[in-house]
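Q: Read off the chains here:
There are 2 protein chains.
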Amino acid sequence: MPETSTLKDRIENPELLAKVVPVEEAVKHVVDGHTLAISGFTKSGEPKTFLPALAYHFSQHAPQARITLLTGASLSEDVEGPLAPYIRKRGPYMSSAASRRRIHAGEMDFTDVHLSAFARNLMYGFYGDIDVAVVEVSRIRPNGSVILTSSVGISVEALTRAKKIILEVNTSAPDYTGFHDIVVPAVHPHVGWPLPVVNVRDRIGTPYVEFDLRKVVAVVESRTPDYPVPFKAADDTDKRIAKNVVDFLLQCREQYHWGKRLPPIQSGVGNVANAIIGQLYDSPFQKIRFWTEVFQDGMLRYVEDDAKFEYASSTAVSFSAEGRERFMRLFDRCRDRLVLRPMWLSNSPEIISRLFVIAMNTPIEVDIYGHVNSTHIDGSRIVNGLGGSGDFFRNAYLSIVHTPSTRRLKDGRTVSCVMPYVRHIDHTEHDIKCVVTEQGYALNMDIRSPKRRAQDIIERCAHPHFRPLLSAYLDMAGAGDEPRATDMQALNAWWRDYDEACRNFPKGG
Amino acid sequence: MPETSTLKDRIENPELLAKVVPVEEAVKHVVDGHTLAISGFTKSGEPKTFLPALAYHFSQHAPQARITLLTGASLSEDVEGPLAPYIRKRGPYMSSAASRRRIHAGEMDFTDVHLSAFARNLMYGFYGDIDVAVVEVSRIRPNGSVILTSSVGISVEALTRAKKIILEVNTSAPDYTGFHDIVVPAVHPHVGWPLPVVNVRDRIGTPYVEFDLRKVVAVVESRTPDYPVPFKAADDTDKRIAKNVVDFLLQCREQYHWGKRLPPIQSGVGNVANAIIGQLYDSPFQKIRFWTEVFQDGMLRYVEDDAKFEYASSTAVSFSAEGRERFMRLFDRCRDRLVLRPMWLSNSPEIISRLFVIAMNTPIEVDIYGHVNSTHIDGSRIVNGLGGSGDFFRNAYLSIVHTPSTRRLKDGRTVSCVMPYVRHIDHTEHDIKCVVTEQGYALNMDIRSPKRRAQDIIERCAHPHFRPLLSAYLDMAGAGDEPRATDMQALNAWWRDYDEACRNFPKGG
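As they're listed, the protein sequences go chains A and B. Mapping of the first sequence onto our numbering: residues 911 to 1419, in sequence order. Mapping of the second sequence onto our numbering: residues 911 to 1419, in sequence order.
Misleading hints may appear alongside valid ones.
Same chains, same names: a pair is fine if it fits in one copy or spans any two.
Here are the simulated lysine-lysine pairs, DSBU-like style, with alpha carbons at most 35 Å apart [to be verified]:
no.	residue 1	residue 2
1	1073	1361
2	938	918
3	1153	1142
4	1170	1073
5	1074	1125
6	1153	1417
7	1125	1170
8	1361	1074
9	1074	1170
10	1361	999
11	1361	938
12	999	1170
13	929	1170
14	918	1125
15	1361	1320
16	999	1153
17	1197	1073
18	1218	1073
19	1142	938
20	1074	999
21	1218	918
To be clear, the hints were calculated from the coordinates, so they are not data collected in a lab.
Work the whole structure out from these sequences, hints included.
A: Encoded structure:
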């Protein structure tokens, strides 16, 4: 049973125990111009003590310092917020309001990269030298190899490539020994090898990370547990979307002769994702498997039901406060039914394709031809990044983009999430097999022109309030297999009509 | 040494020899509403006798007939043109003017799919039942298994899935025994397996295709050789693009410590591709390997030089009339240095990623942020399809999009191939690492905001004549990390200025 421990319990290597210093000392290893690669994925396993201390250190001693910060995925605002003023370059994913403001203002350079590609690019040297790796661990083994905590992300690549290493031993985290499956990607001109994963549960690496101990310049203690993620219960719209997703899967089961075996599920994060996970639990599917990025609240009930659930693979666990309590109760069961892998493996195109993964993600908006905007509001300002959505959509057996058909803005307008065109495209029509809203679902799986597909998406997925306008656009677009309106005057008029429709959206619509 | 043979030489199985019928009889097996899956890839290995005969049959006896036609990639106009009026649905790639007209007019439904995905979708049943497979072969072995000809494409999936099979034995084709590496993709709920290819030369299947002989309803003879593809010598612009590509590769060799080993090259088809292949031949790189879709004219000189060349893998060979003669002279050498695979393998994300393939393709246009339009003129009318460009760009170690900076239209205007935004996106900024024109190259490999990347693409890749306009767009776009102009009036004015600049492009520019 995991418990809070002392630092001495957790550091079994005397050489590294001797390197324990106060965090105020450790932060001095990071200076202006450095590139940091750190642990952390969806707010799990981040260096929760080191980064805020580094921000404080800069504020006191080096307010002009600017660094490059590379992570697995998002950090919590408590960790990234204070450091944001000192970040000059950032990748490959963030959800910090402080960083976002600086990115939009052009003060922080953010590069949005497929997560699987980012981890490999890091190994290839595309991002240059890594000056310092900062990685949260739950235990240091006698030979100095480490056991990570609640996420893997890019921790392994960071420890492998960095010139200096700082380990943050989290004594409040449980000992995660047995959760991880650690493998380093091959780098040209070395020969790449097939990844021998043919089932979700297959482990192909080690449960610990090996690296060059001589590079460790400091070890610090952290007693801060992972920050909880918000959990919002599914509303009626979420539930209707979830029902449509499961209806689609049941149709596929018949049509493509799956038998009882549902292909492994990749699920995004958020209300709709949670609603789908709930709906799947109540579906006829048994022995469900998740091959996904994040193991989250909705999946915990599966762990308690061996008929319903077989196995899960992800790169992080991420819970609400309540979910975390349940996870701790189920810790040993989870270790037997869940594996945490580096994000280049959890998001590997090779494995996603081989396992016939069913991919699902929520976008900002889709268009009538099936192109997807996952990242940029108004096409100009990034929200978080595309994360692993492209890794999964592109290589999935079935790729499902699900969204409410409308979204209410703060200014009172209600906009359509099904648009004639989207102003930023992260996923093309070629990668999307099914569009789902609370209204229904439309397929892009058969031999059909984009124009016919558009009629279908409008009729089945768009909100009835916006359907006439979308059809009007299609008429205006004219000839071609995938027509776009090019008459700027007509287009202008269309946008005016649309804006009016957004204002006139019926209350409770 | 391959020679033209008699039908009896080529059909060693008595049961199938007994099924030889005149093509006028064989075509009767195809009726209105049928789905045909056939051999053929970039005009190689297509059923050159059957399809025109089928078109003639429909014209005489069933002018209302409409079929679905699925291929590997493009057919020659001699083959597809006459049949086009009878095709209702078409996928996944075509370059027929007759089909294109019908597609734009909405009379033919065309679905544009990544080639690797298309072959697998076919096996998964996503395109429904295949009524008839028509496959060109060079030989039928004693046990009835077949040796294909100059391409593989979807021939294997067609023979595996079809209800009825028609074999077209091409006695004018050489006996291609030993060229092919045949494997069928796994289908859920069967377990997928790792593809054991770790070098370009690794063969993992059989040199012949096995299938259910009872499904063969007819065997026909063909004496028509593959139609030659046009070959245009590289002009000055092509050569400057090629030089910039090779300069980029030489820079990478230094920066990423490749040593002498160039990662395998994927090359598109056309002048620029041929210029690059030529420039590589004159570069310091040795033991070059191609992992690509089509083995073409420019690669033949490599086959004669064992210091320069190691091995090639593709799904088709495709030559000009002159190239074909040279290929025939080098036939035995080619068999030892070239393998033809099904297109799901030649374009497999798993293998492209593992082998660190360097992908290169020519688009219609790119935008300043690195988004690529490969398929739609004016965003509305498809040209050919995206083919394997997405398979390669997305999974490559390095992805290079190369294009002349300008293109002269028939109406006399010269347009910029580097645009503020493209009206159809087939490949997103996330998948492109380098943009190359005859002006220079710009990278998308480091941590940099799209806006900074745009300044770089404008300065290094756009034609000097269009640079001020592109910079003006960027200024007009305003704030955000990847800003887009949304003021319709300003945008309108920009397009007017652009149109004028296209008209004023200096002669000999």
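Q: Give a verdict on every hint.
A: Status of the hints after comparison with the structure:
| no. | hint | result |
| --- | --- | --- |
| 1 | 1073 with 1361 | between (54 Å within a copy, 31 Å between copies) |
| 2 | 938 with 918 | within (24 Å within a copy, 83 Å between copies) |
| 3 | 1153 with 1142 | within (18 Å within a copy, 56 Å between copies) |
| 4 | 1170 with 1073 | between (50 Å within a copy, 26 Å between copies) |
| 5 | 1074 with 1125 | within (5 Å within a copy, 65 Å between copies) |
| 6 | 1153 with 1417 | within (24 Å within a copy, 62 Å between copies) |
| 7 | 1125 with 1170 | between (51 Å within a copy, 30 Å between copies) |
| 8 | 1361 with 1074 | between (55 Å within a copy, 32 Å between copies) |
| 9 | 1074 with 1170 | between (50 Å within a copy, 30 Å between copies) |
| 10 | 1361 with 999 | between (41 Å within a copy, 13 Å between copies) |
| 11 | 1361 with 938 | between (59 Å within a copy, 33 Å between copies) |
| 12 | 999 with 1170 | between (48 Å within a copy, 33 Å between copies) |
| 13 | 929 with 1170 | neither (54 Å within a copy, 42 Å between copies) |
| 14 | 918 with 1125 | within (21 Å within a copy, 72 Å between copies) |
| 15 | 1361 with 1320 | both (33 Å within a copy, 28 Å between copies) |
| 16 | 999 with 1153 | between (41 Å within a copy, 32 Å between copies) |
| 17 | 1197 with 1073 | between (44 Å within a copy, 34 Å between copies) |
| 18 | 1218 with 1073 | neither (46 Å within a copy, 37 Å between copies) |
| 19 | 1142 with 938 | neither (40 Å within a copy, 62 Å between copies) |
| 20 | 1074 with 999 | within (19 Å within a copy, 59 Å between copies) |
| 21 | 1218 with 918 | neither (41 Å within a copy, 59 Å between copies) |
Going through the hint list in order, the structure does not satisfy hints 13, 18, 19, 21.
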